[in-house]
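Chains as they are written, first to last, in the numbering used here: chain A, 1 to 408; chain B, 1 to 408.
Please note: incorrect hints may appear among the correct ones.
As the list claims (entries may be wrong) - Taking lysine-lysine and the PhoX-like style, the derived pairs with C-alpha atoms no more than 25 angstroms apart in a straight line are: (1) Lys38/A to Lys266/A; (2) Lys347/B to Lys99/B; (3) Lys10/A to Lys266/B; (4) Lys99/A to Lys266/A; (5) Lys347/B to Lys38/B; (6) Lys10/B to Lys266/A.
Because the hints were derived from the structure by calculation, they are not lab data.
Chain by chain, the residues:
2 protein chains.
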Amino acid sequence: MAHINHNYLKLPGSYLFSEVARRIRAYSEAHPDREIIKLSIGDVTRPLAPAVIQALHAAVEEQAQAETFHGYGPEQGYDFLRCAIVEQDFRARGVEIDKDEIFISDGAKSDCGNIGDIFSADNVVAVCDPVYPVYVDTNAMAGRAGDYDARRGGWSRIVYMPTTAENGFVPALPDKTVDLVYLCSPSNPTGTALNRAQLQTWVDWANEHDAVILFDAAYEAFITQDDVPHSIYEVEGAKTCAIEFRSFSKTAGFTGTRCGYAVVPKALVRDGASLNALWNRHQTTKFNGTSYIVQRGAAAVYTSEGQRQIRADIDYYRSNAQTIKAGLTEAGLEAFGADNSPYVWAKTPGNLGSWEFFDLLLDRANVAVTPGAGFGPSGEGYIRMTGFGDAEDTRRAVERIRSVLEHL
Amino acid sequence: MAHINHNYLKLPGSYLFSEVARRIRAYSEAHPDREIIKLSIGDVTRPLAPAVIQALHAAVEEQAQAETFHGYGPEQGYDFLRCAIVEQDFRARGVEIDKDEIFISDGAKSDCGNIGDIFSADNVVAVCDPVYPVYVDTNAMAGRAGDYDARRGGWSRIVYMPTTAENGFVPALPDKTVDLVYLCSPSNPTGTALNRAQLQTWVDWANEHDAVILFDAAYEAFITQDDVPHSIYEVEGAKTCAIEFRSFSKTAGFTGTRCGYAVVPKALVRDGASLNALWNRHQTTKFNGTSYIVQRGAAAVYTSEGQRQIRADIDYYRSNAQTIKAGLTEAGLEAFGADNSPYVWAKTPGNLGSWEFFDLLLDRANVAVTPGAGFGPSGEGYIRMTGFGDAEDTRRAVERIRSVLEHL
């Protein structure tokens with residue numbers, strides 16, 4: 001008799017975005033005349049860069065001719081893309097990464113979700129709170145999280161590290177045994193980033209404790225501040241303790257086109273085994289490579305035209321986030337993020353709950369945001385807004401919110 | 001201190017195709033004047049169908065405009081593709097599958113590799129011998145295989161079901177407890193297929209024992225015989241005991257373009273849990289959908305032009321396989337497959353070992369094949385050849401092999 005993985009049954013439903021959508025829909029149906037502007041959107045809206053489009057068309061055309069047709073490719077990705085990454089994402093920042101340390105994938109969600117496979121089930125995992133839910137859920141599915149406590153909204157074996165305004169959104173080093181730590185910088189959802197000194201503290205701790213840092217750098221392209229590393233490998237010692245995840249989703253609008261990569265340094269060894277070799281085994285056994293066409297599109301991001309074009313989109317989104325942050329700040333809210341991120345994270349006024357403020361903004365401003373409590377207990381009392389919408393809509397939404405706040 | 005998944009360290013190296021490549025390279029270097037024809041190739045060689053190319057270009061163009069741009073799509077795949085599958089892969093064969101039972105992926109290797117995630121680690125797994133190595137390796141990585149015995153070339157907790165000429169390549173029902181069974185029909189590597197009555201026996205057994213059949217139908221498009229089901233769901237009772245994997249790789253040349261799908265019926269329940277719900281949770285948590293562009297290309301396979309075009313390629317490959325099988329048979333070898341498959345599986349002459357016959361053919365015929373022993377102990381004494389090459393090259397290779405066999 002086949003038995004299921006019972007860890008799946010422990011997972012609570014993932015209600016955040018469906019509940020947000022449900023409330024928006026209900027409000028729209030009750031008030032069909034109101035135009036709702038969504039600052040809740042977590043997806044890019046601008047089209048792919050012309051250089052990427054051109055490369056995609058060219059790759060499709062290659063697949064149309066026997067002479068240029070590409071069948072199975074290397075599971076780790078094509079050298080044309082791995083080498084471009086080595087040069088431009090790393091060497092240009094003074095970091096030497098070998099191309100064999102780069103594993104091209106269909107996106108950072110897959111990599112973040114699958115990386116646990118190469119670790120034993122008894123490792124203790126630490127995550128920031130609030131947090132991107134994939135880190136926690138995939139560990140729960142692997143039996144690493146213990147049991148879920150609905151009352152406090154957390155798992156018994158996961159170590160939660162609050163990141164709030166009180167600690168400047170910098171997680172404190174754990175005071176108990178932790179083996180794997182997920183860090184996301186710039187962070188989803190808080191929009192804040194860890195600077196070089198803060199990352200150095202984490203890298204030193206990880207090396208001292210033989211822990212492994214799983215570093216999610218999906219938003220690195222939004223970084224503007226000099227002391228915020230784009231890669232954890234800019235920090236001394238990171239190659240012996242960190243795996244890094246990158247994505248073309250927010251960098252180049254690939255959320256629906258799908259490409260990302262993981263960096264697993266050869267110097268990263270645990271239990272005497274090379275994690276690079278283990279991840280290589282994972283990818284060659286459970287994955288058959290990212291679409292050739294998509295890899296060609298991703299490589300075009302690294303051309304000079306590609307870089308200029310994606311920069312314009314990144315600036316557009318971040319500028320929207322700045323508009324939101326500035327508007328909320330002027331209206332008296334405490335707002336964070338936006339400097340190195342498309343996200344703004346703001347405290348609710350008058351100690352309103354996340355969902356209360358969500359409902360208030362939806363009803364009075366006709367603006368949709370995302371309640372911070374949905375990202376973890378320490379997100380209560382905050383909302384998340386994103387710069388991924390239209391610039392004019394964003395300005396109008398901020399005006400509406402300000403008007404509501406003035407009359408609270 | 002982080003600990004690794006020690007099951008990875010138990011895996012033997014995957015030497016088959018690298019050893020084949022090494023011997024071909026060594027021979028070529030020693031005999032630079034000889035032209036080697038590869039019947040060992042396991043990848044398609046013909047370009048994508050024009051209808052697919054057209055759809056890919058159109059989808060790329062959609063990604064170039066904000067109005068038609070597609071960001072995150074449903075993790076389970078777009079309805080335009082799921083509905084085409086429901087209609088043409090299933091309803092057209094009298095099988096009712098709901099679109100919510102279809103999960104679009106980046107290929108059958110990912111699905112076959114990941115499906116174990118929703119089952120407990122203590123299930124007993126059975127595989128055919130010879131077999132596609134992914135089934136075994138991924139279970140070994142999950143701790144379900146026990147220990148590897150290099151001498152007999154097998155794992156202590158895996159149940160191996162020999163499929164050889166002696167039993168007509170039909171695996172016998174297990175005489176011990178088995179919870180999960182991988183069946184591949186038409187089979188890689190033997191090229192043989194299970195007919196309706198044989199599959200019915202397996203489905204009845206699985207329902208009786210609450211086992212689950214993991215049915216790999218990646219080669220179904222090559223089926224010509226009426227009594228060979230294209231889907232296991234053509235067999236009564238399969239929806240309560242089987243998950244099916246499909247691929248566009250061999251069907252439509254997508255080995256480098258990447259698309260496949262899994263079918264997980266809602267009627268499939270174990271431990272009181274819906275496997276459809278569990279797989280949905282896996283895909284929504286660890287995967288972010290298949291590239292929109294690629295899904296549009298896959299959907300074009302189902303247009304009338306697409307169907308006509310892919311049929312021509314499938315017939316071309318199968319015709320090559322028929323050429324190989326007929327030639328070897330006339331030369332006195334026992335050859336199998338090719339009727340419903342691009343693969344030919346043949347007994348070596350005079351009880352030669354797989355690798356001995358490989359070396360003999362490479363040296364005397366300058367033809368590369370794949371030694372059967374590489375697919376499992378019961379593959380010893382066989383070779384695999386494929387119809388994926390050029391038709392004229394295939395005819396010449398067969399002539400060369402016949403000439404060698406006549407002088408043995």
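Checked hints:
{"no.": "1", "hint": "Lys38/A to Lys266/A", "verdict": "violated (44 angstroms)"}
{"no.": "2", "hint": "Lys347/B to Lys99/B", "verdict": "violated (43 angstroms)"}
{"no.": "3", "hint": "Lys10/A to Lys266/B", "verdict": "holds (20 angstroms)"}
{"no.": "4", "hint": "Lys99/A to Lys266/A", "verdict": "holds (11 angstroms)"}
{"no.": "5", "hint": "Lys347/B to Lys38/B", "verdict": "holds (18 angstroms)"}
{"no.": "6", "hint": "Lys10/B to Lys266/A", "verdict": "holds (20 angstroms)"}
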